[in-house]
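Student: Given next are the chains, with one letter for each unit.
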Amino acid sequence: MEVHGNPLQLPLVFLAAAVLAVPLARALRLGAILGYLVAGVIIGPGVLGLVNKPGTILELAEFGVVLMMFLVGLELEPRRLWAMRRAVFGWGSLQLLGSAALLMGLALAFGQPWRLALVVSLGLAMSSTAVALAVLAERNLGSTTSGQSVLSVALLQDIAAIPVLSLVPIIALSGDAASHGGGDWQVAALKAVGAMLVIVLGGRLALRPLLRWIARSRTPEIFTAAALLLVLGTASLMHAVGLSAALGAFLAGVLLAESEYRRELETDLEPFKGLLLGLFFMAVGMGLDLTVVLQRPLLVLGLLAALLLTKAALLTLMARWMGIPGPERSVFVLLLAQGGEFGFVVFQLAQQAGLIDAAQNSALVAAVALSLACTPALLLASDRLLSSQLKRQAAPQDALLQSPQQAPIIIAGFGRYGQIVGRMLYANGFEATVLDHDAESVALLRRFGWRVYFGDATRLDLLRTAGAEQARVLVIAVDDVAQSLEIAALAREHWPQLQVVARARNLQHYFRLRDLGVTLIERETLDSALMSARSVLELLGLQPHAARKLAWRFRQHTLEQLDVLFPLYKDEAALTAATRRGRQQLESLFAQEREQAAARKRQRPGWSQPPG
Amino acid sequence: MADILLLAAHPDLAHSHISQQLLQAAGAASHGPGHLQTRDLYALYPDYAIDVAAEQRALEQARLVIWLHPLHWYGMPALLKLWIDEVFAFGWAYGPGGQALQGKDLWLLSSTGSAAEAYGPAGHNGHALDEFLLPQAQTARLCGMRWLPPLVLHGAHRVGDAEVQQHVRGFIERLRSYPSWCPRGPEPALPEVPLDARPALFSSMEGL
Chain Z
248 MEVHGNPLQL PLVFLAAAVL AVPLARALRL GAILGYLVAG VIIGPGVLGL VNKPGTILEL
308 AEFGVVLMMF LVGLELEPRR LWAMRRAVFG WGSLQLLGSA ALLMGLALAF GQPWRLALVV
368 SLGLAMSSTA VALAVLAERN LGSTTSGQSV LSVALLQDIA AIPVLSLVPI IALSGDAASH
428 GGGDWQVAAL KAVGAMLVIV LGGRLALRPL LRWIARSRTP EIFTAAALLL VLGTASLMHA
488 VGLSAALGAF LAGVLLAESE YRRELETDLE PFKGLLLGLF FMAVGMGLDL TVVLQRPLLV
548 LGLLAALLLT KAALLTLMAR WMGIPGPERS VFVLLLAQGG EFGFVVFQLA QQAGLIDAAQ
608 NSALVAAVAL SLACTPALLL ASDRLLSSQL KRQAAPQDAL LQSPQQAPII IAGFGRYGQI
668 VGRMLYANGF EATVLDHDAE SVALLRRFGW RVYFGDATRL DLLRTAGAEQ ARVLVIAVDD
728 VAQSLEIAAL AREHWPQLQV VARARNLQHY FRLRDLGVTL IERETLDSAL MSARSVLELL
788 GLQPHAARKL AWRFRQHTLE QLDVLFPLYK DEAALTAATR RGRQQLESLF AQEREQAAAR
848 KRQRPGWSQP PG
Chain D
155 MADILLLAAH PDLAHSHISQ QLLQAAGAAS HGPGHLQTRD LYALYPDYAI DVAAEQRALE
215 QARLVIWLHP LHWYGMPALL KLWIDEVFAF GWAYGPGGQA LQGKDLWLLS STGSAAEAYG
275 PAGHNGHALD EFLLPQAQTA RLCGMRWLPP LVLHGAHRVG DAEVQQHVRG FIERLRSYPS
335 WCPRGPEPAL PEVPLDARPA LFSSMEGL
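Heads up: the sequence lines are chains Z and D, in that order.
Position 514 (the first sequence) corresponds to 761 in the working numbering; numbering is contiguous.
Position 31 (the second sequence) corresponds to 185 in the working numbering; numbering is contiguous.
Source of the hints: derived by calculation from the structure; they are not laboratory data.
Cβ atoms here follow ideal geometry from the backbone N, Cα and C, with glycine treated the same way.
Some hints here could point you the wrong way.
Residues from chain Z that face chain D, not an exhaustive set, calculated with beta carbons under 10 Å [unchecked claim]:
(1) Arg-795
(2) Lys-796
(3) Ala-798
(4) Trp-799
(5) Arg-800
(6) Arg-802
(7) Gln-803
Taking the hints into account, I'd like the entire structure generated from these sequences.
Tutor: Printed below as a string of structure tokens:
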């Protein structure tokens, strides 16, 4: 089936493919890039054939890469770059050049021409910044050593993309340089320098006043248009003089990185970037010749293995040299070992320049896509391996709970909640025996002088050794709801004298703790949320004391509500109805008070003193 | 139901040897359940979040209300003052329709750090104790309560065990023989509170 006639059909196909494929890929934990690629393969000539000229689409879609480079430039405040210069230029260059060199050596060993080997290995050495940053954010690793290291290396790759992308046509040209005259070369260089000067000087002198003038028109869409015009303009200027359009956009971004319009430009262009990049990935997917992949699966798998193993080997060494802590190393290695979006760009460019053919491009794209696809699985596997290793090593020997303890308090779980409880108890001179199943944090806490033991508090024998027989209070502060309930049940069954103070993660957890006879339960979010609500009320002009009182009354009402709801919690309909009633009750209570306050004000305006 | 309501307000009861013994003795002496109810305010409201409705219910059932507290900076501990501010509400404790406390007895049971001589023109406190207790006495009057002569133990830091025991016994004696020792007179009248002399406790909620 081919799409003709209706001009809306093409965008329709692309948008539908994106809207269907990306959420699906996300749900499968494969990432958006892979979703776009697969969508591209499916609508491309190989499978459904809904789009028959992927080449033209690609030209448009490359604008997504240009936009991305502009935004990368925008992020690169010279000051920040300067602060990170060692990590970025040192470790980043080592990764990129080292990986490329190793891969190139491998390619040369297989008898590939050096031009192809160089370009392809540079493309493969690139990692996916987008995927890496998403994973770091998801795992909250942004500020850790590994997170910062990944960021530095990714940053260098982003910067290096410019020279690499400019290099590809030059390498291609150098092959038939003999046919070109020397004069041409000089004119081209002059033109290039001129264009760069125009961009830098124009950016320094004219851009900001111009943007200010446009912003003053107070028409948001015109500002967006200006932002797009700016990127497009620089890109085409560079293109006109035979330089990489991405380089121009990147330069323009850097020039604006310190301007007051940085955030606005970012917000305005981000959606365009996302969609156009999506289009780019789909175009890459459409260009993927499935027959090549299916005919030569060994080639693709070999490329995949070469890519992952070479880069992982180098990164493992680097992780050691960089002093990344043991358990964080695998994240650093796996996130950077995969291929990335710049690889696709490089291969695309290489094919246009005639360095590689369509079949080679397909095999390379497939290998990089597969590396992206298997990263989540590899991360998961390394997590499993790591946690089982930690279990076997079970922290330092002295952290194992072997001799019986006698502290009057046992704290199960020493994460963000248990630590606060524990610190407050310690600060007031109370001894506690702490159990935690995270070997890493046990080791850390012991270094700070805490008497923390490694162990799973759901184990009866361990609780007994921890002194549950004589202890007075057991604090259950483990994250896992099932474990928390298990510990509570054990304590209730075996040591009725032990007072249980438990933290509930949510209402269901609260109710089930109540079921087990635990009465001293705190919902972990209640009080901090009430403090936030108090801040809001104060910001709205309420007296801090009045806000505090309202919060306390709300708290009390909420706790009373829980008593009402507890017998009903297994009956969802009754629970919902009772919750609604409770809310209405609270609303009417508050409304009544507001009414009274208003009435008082009507009768006696200006009164603010108590009697006396 | 309880007809004696003992409201204890001590911010650090664990370290008080007088208030604690008074409370224990009162608990032991109460004639069966219900005759005397003790409410330890600092135990009930450690966060100063007073349940006004519960307090008003307890007050409504009492004939004699006792405030038990040490003298802090010439007055009552902060929580008891807050308790009065919130529980003795306009239209309930005083003002139009505010008759909930009318006819009840209010008795202060207190202790001071200084010796008795310190309270008087010649002492270092410069005024008689009654002058310092004027706000409490007037509060009772405004609510139509009978203000009984306070029972005060002076020099609480220095008194010996024997003296404390005697003080406690005197208190229990009074508790048992209530109301025989109370000055009987005409039912206290509710003073008229002018309409323009009323509070607005939740004035700050008007912004909502």
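Student: Please write out, lowest number first, the hints stated earlier that are contradicted by the structure.
Tutor: none
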